[in-house]
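Student: Numbers 1 to 311, taken from this note's numbering, label the letters of the sequence shown in order.
Source of the hints: derived by calculation from the structure; they are not laboratory data.
Pairwise CB distance ranges, derived in the manner of DEER restraints:
| # | residue 1 | residue 2 | range |
| --- | --- | --- | --- |
| 1 | S57 | N284 | 30 to 36 Å |
| 2 | H59 | K140 | 17 to 23 Å |
| 3 | I171 | F52 | 34 to 40 Å |
| 4 | E263 | S74 | 45 to 51 Å |
| 5 | K117 | D266 | 42 to 48 Å |
| 6 | K288 | E78 | 43 to 49 Å |
| 7 | L218 | K295 | 36 to 42 Å |
Computed cross-link-like contacts, BS3-like style, restricted to lysine-lysine with a CA-CA straight-line distance of at most 30 Å:
| # | residue 1 | residue 2 |
| --- | --- | --- |
| 8 | K15 | K47 |
| 9 | K117 | K140 |
| 10 | K228 | K111 |
| 11 | K116 | K140 |
| 12 | K67 | K172 |
| 13 | K67 | K92 |
| 14 | K141 | K34 |
| 15 | K141 | K92 |
| 16 | K6 | K87 |
| 17 | K111 | K87 |
| 18 | K113 | K175 |
| 19 | K92 | K195 |
| 20 | K161 | K151 |
| 21 | K302 | K140 |
| 22 | K172 | K116 |
| 23 | K140 | K172 |
| 24 | K125 | K67 |
| 25 | K228 | K297 |
Each residue gets a CB set at the ideal place from its N, CA and C atoms; glycine is no exception.
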Amino acid sequence: KELLYKLINASVSSKTLSKSLLKDADKEFYYCLKEQTFLPMLYQVFKDERFFHYYASSHLIHEQFNKIVKEIQSILNENEIEHIFIKGSILKNLYPDENVRMFGDIDFIVKEKEYKKTIDILKNKGFTFDLVSEHHTEMKKNGLLVEVHNKVFDAEDKGEKFFLYPFNHVIKIDKFSFAFEESFHFIYVLSHYAKHLISGAGIRPLLDIYLMMNNYNLNWSYIDDSLKQLKLEKFFDIVLNEISIIFNYSDHPYIENKNLANELIDYSINSGIHGNGINNNIINNRIKNKAGGNKFKYLLMKLFIPLKSLF
1 KELLYKLINA SVSSKTLSKS LLKDADKEFY YCLKEQTFLP MLYQVFKDER FFHYYASSHL
61 IHEQFNKIVK EIQSILNENE IEHIFIKGSI LKNLYPDENV RMFGDIDFIV KEKEYKKTID
121 ILKNKGFTFD LVSEHHTEMK KNGLLVEVHN KVFDAEDKGE KFFLYPFNHV IKIDKFSFAF
181 EESFHFIYVL SHYAKHLISG AGIRPLLDIY LMMNNYNLNW SYIDDSLKQL KLEKFFDIVL
241 NEISIIFNYS DHPYIENKNL ANELIDYSIN SGIHGNGINN NIINNRIKNK AGGNKFKYLL
301 MKLFIPLKSL F
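Whole structure, please, built from the sequences with the hints as guidance.
Tutor: As structure tokens, then:
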């Protein structure tokens, strides 16, 4: 963990570290970086040619994603469809080098009334239908995944009501393109992290949150009130503990609970991004975190879907 923290800190502050720090790095360390999508950081931080291919691959993927983002923007603007890009395609801009902030898909939101129209237009432009859920449709273009959202969270999620009207919390980029207001965006990223933590979310969201706190002009009064509404104020306190451990951050006050924070960091490291770590068991995590460890209760939750979500 000590070496992992040094790598992360150097990456987000554009610092170069001595290659000698890697002399004791073992297979477990590199596998951890793979599961956290941090492998491109190795070349960025250590300038070691052995790791150049990780960085180059990430650079090529970013180029392809950036091209698709521009294509989607052009299509939506041409058809006068208001939209908001969210998640990785926006958060990468917070990093000194966007190529080390990997992401696996492009997410954007349109208004409910333009949701079906958007999907139909993208189909006609060569995007293929992949999968549908309550709050988004997955499509693909040139092997890259695109998620078209009609809302931020689905009916079963804790923040569904709070995020019901995302276009009420935006700033205009151009005629039909919008971005979340910075404080609202911060609340969204924190809520999204909490949602995925149930199965396992990795530690990458902690980097995003840390960089948002350092780069955004946040309205803390609004954020505190919002987190109370979402019942996430205690969770945010633990996140601040985690960030203080990893980044030695102390600019925002928090109640110290380093034991729980270290436990959550270990859980996040073992789980990997989206819970796909080799040492993670997504179903066991969900039973523990959603049903208090009761397998029968969790089975009932899966069998009897809430009516709103079912429809």
